[in-house]
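Q: Each chain, letter by letter, is given below.
There are 4 protein chains.
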Amino acid sequence: MAGLHEECGVFGIWSESNLQASHSIYYGLLALQHRGQEAAGIAVCNTFGEKGNVSYYKNLGLVSEVFDELTLNKNEGNIGIGHVRYSTTGDCNIENTQPLVYNYVKGTLALVHNGNIVNTAALKQELYDEGTVFRATTDSEVVACLIAKLRAKSSSIEEAVKKAATKLIGGYALLIMSPRKIVAVRDPWGLKPLCLGKRGNDYFFASENCAFNAVGAEFIRDIKPGEIVTISKKGLTSDFTFEADKQAHCIFEYIYFARLDSKIDGISVYKSRFDGGRALARSFPVEADLVTGVPESGITAAYGYSFEAKIPFALAFHKNSYIGRSFIKPTQEEREAAVHMKLNVLEDVVRDKRIVLIDDSIVRGTTIKNLITMLRNAGAKEIHVRISSPPFLYPCYYGTDVPDNTELIANNYSTESIRKMIGADSLGYMKLEDIGSLVGDLPVCKACFDGNYPTPVEQN
Amino acid sequence: MAGLHEECGVFGIWSESNLQASHSIYYGLLALQHRGQEAAGIAVCNTFGEKGNVSYYKNLGLVSEVFDELTLNKNEGNIGIGHVRYSTTGDCNIENTQPLVYNYVKGTLALVHNGNIVNTAALKQELYDEGTVFRATTDSEVVACLIAKLRAKSSSIEEAVKKAATKLIGGYALLIMSPRKIVAVRDPWGLKPLCLGKRGNDYFFASENCAFNAVGAEFIRDIKPGEIVTISKKGLTSDFTFEADKQAHCIFEYIYFARLDSKIDGISVYKSRFDGGRALARSFPVEADLVTGVPESGITAAYGYSFEAKIPFALAFHKNSYIGRSFIKPTQEEREAAVHMKLNVLEDVVRDKRIVLIDDSIVRGTTIKNLITMLRNAGAKEIHVRISSPPFLYPCYYGTDVPDNTELIANNYSTESIRKMIGADSLGYMKLEDIGSLVGDLPVCKACFDGNYPTPVEQN
Amino acid sequence: MAGLHEECGVFGIWSESNLQASHSIYYGLLALQHRGQEAAGIAVCNTFGEKGNVSYYKNLGLVSEVFDELTLNKNEGNIGIGHVRYSTTGDCNIENTQPLVYNYVKGTLALVHNGNIVNTAALKQELYDEGTVFRATTDSEVVACLIAKLRAKSSSIEEAVKKAATKLIGGYALLIMSPRKIVAVRDPWGLKPLCLGKRGNDYFFASENCAFNAVGAEFIRDIKPGEIVTISKKGLTSDFTFEADKQAHCIFEYIYFARLDSKIDGISVYKSRFDGGRALARSFPVEADLVTGVPESGITAAYGYSFEAKIPFALAFHKNSYIGRSFIKPTQEEREAAVHMKLNVLEDVVRDKRIVLIDDSIVRGTTIKNLITMLRNAGAKEIHVRISSPPFLYPCYYGTDVPDNTELIANNYSTESIRKMIGADSLGYMKLEDIGSLVGDLPVCKACFDGNYPTPVEQN
Amino acid sequence: MAGLHEECGVFGIWSESNLQASHSIYYGLLALQHRGQEAAGIAVCNTFGEKGNVSYYKNLGLVSEVFDELTLNKNEGNIGIGHVRYSTTGDCNIENTQPLVYNYVKGTLALVHNGNIVNTAALKQELYDEGTVFRATTDSEVVACLIAKLRAKSSSIEEAVKKAATKLIGGYALLIMSPRKIVAVRDPWGLKPLCLGKRGNDYFFASENCAFNAVGAEFIRDIKPGEIVTISKKGLTSDFTFEADKQAHCIFEYIYFARLDSKIDGISVYKSRFDGGRALARSFPVEADLVTGVPESGITAAYGYSFEAKIPFALAFHKNSYIGRSFIKPTQEEREAAVHMKLNVLEDVVRDKRIVLIDDSIVRGTTIKNLITMLRNAGAKEIHVRISSPPFLYPCYYGTDVPDNTELIANNYSTESIRKMIGADSLGYMKLEDIGSLVGDLPVCKACFDGNYPTPVEQN
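Residue numbers (numbering that gives the first Met the number 0), protein chains in the order written: chain A, 0 to 459; chain B, 0 to 459; chain C, 0 to 459; chain D, 0 to 459.
Treat the hints as calculated values from the structure; they're not laboratory data.
As the structure is a prediction and not an experimental result, all values here were calculated from the model.
List time: in silico DSSO-like cross-link candidates among lysine-lysine, alpha-carbon distance up to 27 Å: (1) K50/C / K123/A; (2) K318/D / K341/D; (3) K270/B / K341/A; (4) K270/D / K341/C; (5) K197/A / K341/B; (6) K368/A / K197/B; (7) K73/A / K341/B; (8) K318/B / K318/A; (9) K309/C / K309/D; (10) K368/A / K352/A; (11) K318/C / K318/D; (12) K270/A / K341/B; (13) K352/A / K318/A; (14) K197/D / K233/D; (15) K328/C / K197/D; (16) K73/C / K73/B; (17) K123/C / K50/A; (18) K352/A / K309/B; (19) K105/D / K123/B; (20) K341/D / K270/C; (21) K380/B / K352/B.
Produce the complete structure using the sequences and hints provided.
A: Right, here's the structure in full:
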């Protein structure tokens, strides 16, 4: 999928004894790198120190670029939180990187956040009017300042978090470190994922359980929507902010964001995508010689389609994995030549073949159109496009960075028009009623497809 | 495949008019990055300048790390050569990066080399005795100095290259730029690949034709074993160094080195690997629930095995593509936890399943053993390992960086012993007589499997 | 002087038309670099933009290391403030660099600060109790948050600054940019310097007037103690915070901090040091062959001593100006050898000579002792040390980074004992009553010599 | 002096036991940094290793930028050579940095060079014709290849050096390391300086003896013109290349290049400059209120003038030592403002004064003209310029980077015209016959003043 991005991943550790928390967080963040590649950061605390000695490091770049061994070793502590970021709100600059770390009345407050708060503007104005200053331009800083403010009138950090949570509308998974505690909270709709793991006596939090494998921890359970978990020397306690009238887990975690080997709210991501491909095959069957997928986003659904349709899977595109972020974009003149740079057709595979081509979504339509042209040039006879999600019709307010409505091709054209524009022989989008094939009975937010938002939505 | 590396890729361009040769070489090298990730370099010449103004830039790192737009633009020319390097002989340092660029009696000589010269030591001693100095520690510099020396007594650079080539034993694909000409030469056994492409009036050379797509050029033909191609303002001419008594194309280009979407000496790499998987299925059939491959090296053969055996393919491992070179290695203590860092099992896929696991080779056996353990821990019922190449028994003298005999597990243990050591339920290596399933009638060097070297082999 | 450091320099510009404010600030900061070498930063605002578009850049390092042309050009504006920092309070990290830049109720607030606030702890606790968070660990951030808080209840930024100033005890020169105004304020005791310059219609602020020459501006006048100057589109206005009962300009600006070519509160720095040397010659005359100074801190006073005593000046030490911050310190073993690295004796100059050696102060005594040993080893016959300031006996609370009392040699030993310890033939400190020779009638703070602090001093 | 540059400094160490040669060379090069600021490099050899294990590191930049502790420690050896470079011939690029290090018939050859070879072109052509290739564009590489070539037909490295030296015309100080020996050679005219030092059993070579102090070594003696010194396990031996008919030590070492605290061929650099100032005072006396010098190049001569003329010295300009190489040059518009950036007038010192202003030379005349304007603007009444060297009239072929004749103001105008052009009230250059006041009877090359070159001079 080109043009869609997830904003963040969070990871946390509470250890009773191991002072190398930063190392565990490093490996955890590496496992969550797919959730954000613009910045990374780690804050740790040595709870044995007299005052709870917090240190942190963060910067723009990939986890492996931001951290080296020296930096990890310098930041010594037994508890800590980490963050990988893709910017949805707030520019890509150093002030907006996380963990956000503040000195406040009770010592040091550190916070990481995945998600998007819908009522940020109103909350921010309230704080402004009381004389608050902000350094960053993110909703995350508003949350942090709100918690700090409420802490002054609360008996504990978890109480302050609870008070703050009742004011927040939107999707969020938060980890807060206040020097000797870690508090985790998940929005009451369950929009954003957050789960709990364990290794010996050490506890872990992560956006996805694939990160637990990276540190040798075991998955315990998902944090429940609206749940606040607090870990301190006294152990783990759990509380609930408030009950939302409905749960609405983000469907895009399954379709696109999450790692294949994760399991979120009981559903395996790989299986969900594979089954989505099977559903597509049932709803939009076609006679063909081979099934293929757009690497990497369409491959798993293609396996499922192939399985269900009993048409062999074959790789039609080679993806150059060395085209990194620092890659020099071709000029307009070089463009045509360079279309084969990232993805190149395996000509012997596709020549004279009838092909089912799977991708997980169409945003603007330019990418799929290019790929179809490449297949035709390589001699493909028929190209039947199958998309493993319904058409994208509504904006997301919870942290998924979707282009403007005006750029969404499905918003402006019928499926038949799109088929013609991209040059496919047939085109099928997953049916809205087939969403269940992905996630079973799990209540999901699929507002981007049907416009039914689980929360009020601020207009600004 | 862990532990095997290719040494280099070369790319060249001759344009009559376009002064942005460095840009084309950049994209060409990006497409060849899989052939070497330690260093990259580009040398170009503006043949319109009075003296043939050569400039170059090279450094340790990936192509996208070494070059930025400024550097490309500063190195302006209409012809040029480029190189990506993995060090087989010579340390990984800046002196050993290529293109090698020298001032010599006729102006500037630039050279890039893929391969390994067997009789380097003898050639070097000759040059030493005449007072020659070397800066690098590579066989490539010996070749360059030899050509420069012979040029003083020859009427043209191509004549000097021819004289030099008659002295070289081993595998080589060379591009030589001497200011206003580009000379390409491929060893007479055809050990190393080299091919010719065209875009309008511009000619291109590349180790693999996948690089032509990256610059919008068309594949013309492979350079023939022993062929010397010279391009100058007068056009393209072809000559032959000498006829080898036999051709011996490196089998490992098909098994491991080359890109899936390349075609070398008429054989599609993807098809070769796919068919290898099919042959494996015929020779070593087994009842199983799913076929899977070790990412990325075993995936294509797994598709072939699945196709032939009519057992569904499924992804059993997720590969974290963000584990780069700068990744901080886990300490001994963290090791066990970190085994899941690079590859993580998709537990829902493998639980209670009988699995065929394909990889392209076993070098030391440690990687496959770890993967089998991971599968067992995730609940796999049976694991049948199939290797899409025969056992590795002999060293390679032509540029493939194979570990010492003593480290090669196949050299020291029987297949049954290896099966036990790695913990598989069954183990099958491709049969030597099935090599034909990969490459048909193409005469190949498979000395690493059978010890039959196509050239004399120096002992030192 | 080894061991004493100034904390900061500030520079500001208000231009009606020139959008290259960042360039002027860059040159101004270069001229003030001697006041702080740990970090530098610039914030500018384009007041023609609809919202007052503030941008900024800051980092650890020298001005010439932090900024390049690209960065200056990217930060476009017609007004702006800049800062060079040496850390007295707060660690040397990126959070503590200045300008501090915040979003607040009225847009963007930027602030730079030279000095030290004595009652920081009390002010901070007040803010903490209201739920304020801090990112930095500096008194400067407390000042900024205080101003922002007060702004919410004030009719203008200058009114908020005035309210804040009445609460601040200590030395400060502040520049505040709030998007379309620049407000400058100097503490009511005049402890820290701040002056006003002009170039055409553009106004400038700087810690020292030497910075005006660097941008072609003319010195207008010193900002008066307690004065608040506000510049906006409506022009320049002046107000006073409150009258202090006494003025107390920091004597160390003349003795050590300020640049030779600056003039502060009417007194030329060069002349002050030169006259200090003359006073020393009158108070502690001695027969000698030559007068010399410790480079650079003692050279000017040595010129004065030489002039008054009619003993020729000669250079006895060569200073290696290439020993930068990144210089690798010699190991203990290399230490003895390396004592000549920074300063080396000109042996032919000092052999068999009776020498008057001038420095501006003695902190721990180790440096002067080493120099005397070097002179003796080079054959000097007599060494008479003269110090152009009285002995250091009391800590500074206003921003001068003096070592602990316990480390101050003058606090622990008599002059005669010190003479013996350093190995001098005679030793004379400037007499307290000779301070007037430096600054005439100007009321100065010389609390570091006599313990008479002009303000209450917080105990913590 | 603006516009004149020295090309290089060399440093070497032979230790019997200390494996930290790289550390000593580092400190030695720091002391010689004034001789070249564009690049630095160190090559060392561990002679206890079986083969004489040579390693090296070099790069563009200052010594303190090029080396860090890690790099020094990684390059372990007991003998070694180092270089700081300013490029006179050859561009400023990495290939031209030194030590030049080659593998050759006898192992590894490393070489550092200060000076310039007049007959490079002829020597290079000879080597070209025999098929030699060059990577760099410097005369130093020609010398190195010549030595390597001759080594093949010689019984020892020192014999090869001697044979090479008889072919070299020009100024040179060379250190050659061939793995277990260090050979030092100085040109037979003594144009370039080179001296020998000792610390315990360790020997040192350096361009100037000030470097010995930096490593705690003692100065033994200057290497004699034409002398070849070889140090090996067997001790130190000395030989002579050939006798030149005359010695001709470069006068500019005393006037400008060398450090104040060095002593070259028996003459103290500080004393030489001081005495030059005295001679100027005798030859061009004037009534004035103060004597001052252009920092730093004119200060020492100003001390001498002041001493002889009995007119007090005073500092008229403050030099900003933070204006480094990375300083962003002011634009044309900012130029006028920025003239005070590097040097700023101390207005109180010069107002209404009659001033003698000393500098060591005038190249193009622009700098001195600016300074005079600044002094006038600050209120100086009279300005009498005195130059402590004769007018520059002829090019230097031995390594001093003088601008083209056409740019040398003295070549194109009379002294009276120059006086008018720069706006001085009077102007006096040191008389040619007063050169003796600088260096006594020492035979010097002063061809830049009188055109009498000590060697044949190649025309190309």
